[in-house]
Each structure stands twice: as structure tokens, then as C-alpha cells.
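Enquirer: Using the sequences plus the hints, can you model the full thing?
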Amino acid sequence: MNYITVNDVMLAVFLTIALLFTYKTLVEKDLLKAVIYSAVESASYTVVFTSLFAPDLALAYVAIGVGVYSALFLLVISRTERFEGGDSNA
Amino acid sequence: MKEFLWMYFYAVLFLTMLVAIYGIAVKPNMLKKIIMLSILSDAANVLAVVMGYRANASSPPVYPGYTFEVVDYPSKDAIVSFVNSAVDPIPQVLVVTAIVIGLAVLVFLSSILILIYRKYRTLDVRRLSSLIKEGGEWIE
Amino acid sequence: MPDLRTFIIALSLITVSAVLGYALITYGLAPVANQDLVKLSRVYLGTVFNKSSVLWGASPEVVTSIIWDYRGLDTVYETTVFFVAVISALTLFRNVKITPSNTGRGVGMTVIVKTVSKIVFIAIPAVAVSITVHGHLTPGGGFQGGSTFSVASLLMISVFSLNLVVARGWSKEKLLSIRTLGLLSVGFVAFSTPLIASLLGLKGYLMQNLEKPWAPVGWPAEVSLASASSILVSGTLIVLNIAEFVAVSAGLSLIFITLSLPTNVLEEGGGVAR
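Protein chains in written order, with this note's numbering: chain A, 1 to 90; chain B, 1 to 140; chain C, 1 to 274.
Derived from the structure by calculation, the hints contain no laboratory data. Mixed in with the good hints there might be a few duds.
[Claimed, not checked] Calculated lysine-lysine pairs in the DSSO-like style (CA-CA distance at most 27 Å, straight line): (1) A:K33 - B:K133; (2) A:K33 - B:K33; (3) C:K97 - C:K174; (4) C:K212 - B:K76; (5) C:K51 - C:K39; (6) A:K33 - C:K97; (7) B:K33 - A:K24; (8) C:K212 - C:K51; (9) C:K172 - B:K2; (10) C:K51 - B:K76; (11) C:K39 - C:K212; (12) B:K119 - C:K39; (13) C:K39 - B:K76; (14) C:K97 - C:K172; (15) C:K97 - B:K119; (16) A:K29 - B:K119; (17) A:K29 - B:K2.
Expert: Right under this line is the structure:
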């Protein structure tokens, strides 16, 4: 019985979104945007956790991934520099 | 058909982890490295839970419908049907612990970053290494 | 467009992960949403809420009972790891004085944001406490509730300004004492059963939840209040969840307060040699 359930579709969609935003975080020069992309990536992983029937993790992860991680990064950015500086390579 | 879907899941998760590792290794800015580190630990957590998933008619590892009011404990066959349908709880427990430890590491790293920037006025690893070689005097 | 080098790197990453995904499935290394769970997880699922079993955890929530009862010692170590991380982050800014005078101008955001967030500040702590207290009945628990609460303190710092938060009495000493109180109560609960058991000359285990035939001293699964019906408390789970909630929310709020100090104040601390 290998029909595709809604969970599998949600998993596929949001794992791809997470991969996309991981790539965007990688290439983004402005660290502020990079933090926002990583927050979107954490939010998509929260949806992945819920569709994997892991509500404990979804609860923990929505507070930590989107809230606390982004806050810590933004606090560090406000104390250091915002742009990635002139890095020459990729 | 389902095998291809699950192949895709594992491939996407490994790709996310590889991109994160590439980001940690290559990007010179230390804050970017830490952001990619948190993404790497998140992807690894998701991979662990994906492996604990159970196909059709699966349910979260919680007996539904119990509140503080002690009504009655589940009957024998309720327990058996729960065991046959619930998702694997062990990866979820380990991932909760992993999230806490990931947060602890991140809290400490972000404090260190602020102090590094205070002393050397840069987060770029290459400039930092040259500064440290020259004794890293204070830059007004 | 990316030059040849990044193209090659990207291509190699994609092929490696595709090959890994393919190999894992076809050679059966990774489960494809399998039906049969590992024996251990079947034991956990079967005995957690099964009153007739000896190893029962008296809580319908399998994950929380595994965290605090079956693998309670791991969680005690995990909590100490988080405790040490917060303390080491604070020692990096050790001689920073957090007083209302040196936490910047007390100008928060506009009045609209303030009034809206006043309503939110009632909602978020209520949700956080309910996540914690229902931790042993529905998904949730001490850590999830604590981190949800810390988002509220973060909001308070950004909306009402750090000056007002510190002036209202969120000092470093108070938060640290609340945090250690939470962790001490986790330690006390961990040692309570063996302590009482040894006083009575019986056997007791660290972080033991309910009484077992071979260790008769344990926490009660149900507590009967004045009202007729008894409530399902599942022993140490509710106490540990609340203690963990107190510890995590105080610890994270303290980190946010310390990190959001004005830059010049923050830079005196840490004793980094000038």
C-alpha cells in the first residue's frame, strides 16, 4: 500500500523549501537577510516536524528555531557588523 | 513510488547538511559560520525524526484525549492498537535533548563572537588570523 | 553567474547526496516509513500508560515520560549542560553592571506597539505555563514552555526597552536565583526518592518516578484533591516540568537581557585585556 499521503506531500514541499532557504542563507551577503532566511528555514522544519507526527518537537522548535535563534543572531549582528565584508571567494 | 519519495527526502536532507557544512567551511564570516552550524544541527535533527516515521495510520506518540481528570486507563486493546500505530518516540526524545544542547552551544558562541569583535573589530576569519599573528593589538 | 569552481562544487554536493539517498533506500539501510518499530520503542509505547505493567510511567505522553522518567538521568545532565552554557556566557560579561542607569534611554517603541504587546504579554506566559503544566498529558513540557516564555521576555525588551525591564526589577541576581532555584528543585526531586528510601531502609533509585515492587518508595501517580475526583499527576513529571520551565525561562531571559545591553556597557565587561 504505497499511496502518497498528505503528510508525504507536505514533507516533500517543506523539505525543499528548507533546502532552498539554506542555499539562500549561504549566498546572502547581508547577514540580516541571512538571519531572516534561516528563520524561514526553521519555520519550514517546524511544519516538517508536525507532519512527521512529532508535536513535542514542533512546539520546542517553533520557540527555539524561529524565536530564540533569530533573536540571538540579531543581537550579535547589532553588536558586530552587518555585512559579510569583502570576501572574495564564492 | 513511495521509495522514490523517501529517496528524495533523504537526498534533500543530506544536501541541506552538505550545503551547511560547505557554508561552515568556506564562508569567512564567523557569524555566517554559526548560522550554518545551527542549520546543520537542525537538518540532522530532522533526519533523525524522519527515520523514526511510521507509514499509514500513524499517530503521534501520545494517548489521545487524557486530561487531569482521572477517568480510566486505556484498555488492553487500546494499548495494543496504540503500539501498532504510534510513531517511534525514541528519536523524538533524543532530538529534544539535541535541540537543548544546540541552543546551549549557540548561546555560548554568540557571546564569544561579541567579545572577538570587541577586541579585533572584525569577524572575518582571515583578517582575524593575520591580526592574531601580529599580537592583535587594540585597534582604535 | 557562478564561475566554474562553484558549479563543480554544487554539482558534486548534489550527486553525493543523491547517491546517498539512493543507496540508503535500495540497500535497505534507512527505513522507508517502516511498520515494525524497534523492540525498545515498542516496550516504551506499551508500558508508559499501561497500569498493569510494572514499568509504567503514569503519563499518556510517551515522549515526556521517556525524557523525565525512563531516561531521567540524561535529562538531568542535559539541564546541567544548558546551565553551564548560560553561566559561561554570563562570565564572559562578568564585570558588567546591569543597573537601570546604564541600560540606555528608556524609550521603547510607539504607543500602539506598547498597548498591543501589553495584551500579548498576558497571552504568551499563559500559553507557556499551560504547555508546561500539561507537559505530562499533551505534547509539551518544561523546556518547550520555558523557551516560549523567553520569547515573551525578548518581546518585552525590544518593545518596552531594556531600561524599563531592568527598572521593573529583572535584575541579574534575581533571575540567576530563580534559575538556580529551578535547577535545585530538579536536583532535589532527583535525590528525593533514594533519600527517603534509604531513611526507611529500603531501596530507591535516582530520578525514580513511581514505586516499583523492588523499590516501594516513589512519587504518587494520582493526587486526590478536596474535590472528589483525583487528578492525574504522574509522579515527578509535573514537578520536573515546572522546575525546568522556571530554570529555562529565567536563564534565557537573562541571556537576552545581558546580550541586549548597550554596546559601550557590554564592552567594559569580560575583562578582555585592552
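Enquirer: Against each hint, give a clear statement of whether it holds in the structure.
Expert: Quick rundown of the hints versus the structure:
With a CA separation close to 32 Å, the supplied pair A:K33 and B:K133 exceeds the 27 Å bound. Restraint check for A:K33 and B:K33: satisfied, since their Cα atoms lie roughly 15 Å apart, inside the 27 Å limit. Under the criterion of a C-alpha separation no larger than 27 Å, the hint pairing C:K97 with C:K174 is consistent with the structure, at around 14 Å. With a C-alpha separation of about 21 Å, the suggested pair C:K212 and B:K76 falls inside the 27 Å cut-off, and the hint holds.
Restraint check: the Cα-Cα separation between C:K51 and C:K39 comes to about 20 Å, which is no more than 27 Å; the hinted pair holds. A threshold of 27 Å between alpha carbons decides the hint, and for A:K33 with C:K97 the separation of about 32 Å lies outside it, so the pair is violated. Of the supplied pair hints, the one linking B:K33 and A:K24 holds, its CA atoms being roughly 14 Å apart against a limit of 27 Å. Annotation: proposed proximity of C:K212 to C:K51 holds, straight-line Cα distance about 12 Å (limit 27 Å).
Restraint check for C:K172 and B:K2: the C-alpha separation of about 54 Å exceeds 27 Å, so the hint is violated. Among the hinted pairs, C:K51 with B:K76 is consistent with the structure: their alpha-carbon atoms are about 10 Å apart, no more than 27 Å. Of the pairs offered as hints, the one joining C:K39 and C:K212 holds, with about 22 Å between alpha carbons and a cut-off of 27 Å not exceeded. Among the hinted pairs, B:K119 with C:K39 is inconsistent with the structure: their alpha-carbon atoms are about 54 Å apart, more than 27 Å.
This hinted pair checks out: C:K39 and B:K76 have alpha carbons roughly 18 Å apart, not beyond 27 Å. About 9 Å separates the Cα atoms of C:K97 and C:K172, which keeps this hinted pair within 27 Å; it holds. A distance of roughly 20 Å separates the Cα atoms of C:K97 and B:K119; the hinted pair therefore holds under the 27 Å criterion. A C-alpha spacing of about 23 Å is found between A:K29 and B:K119, which places the hinted pair at or below 27 Å, so the restraint holds.
Distance hint between A:K29 and B:K2 is unfulfilled; the C-alpha atoms sit about 38 Å from each other, more than 27 Å.
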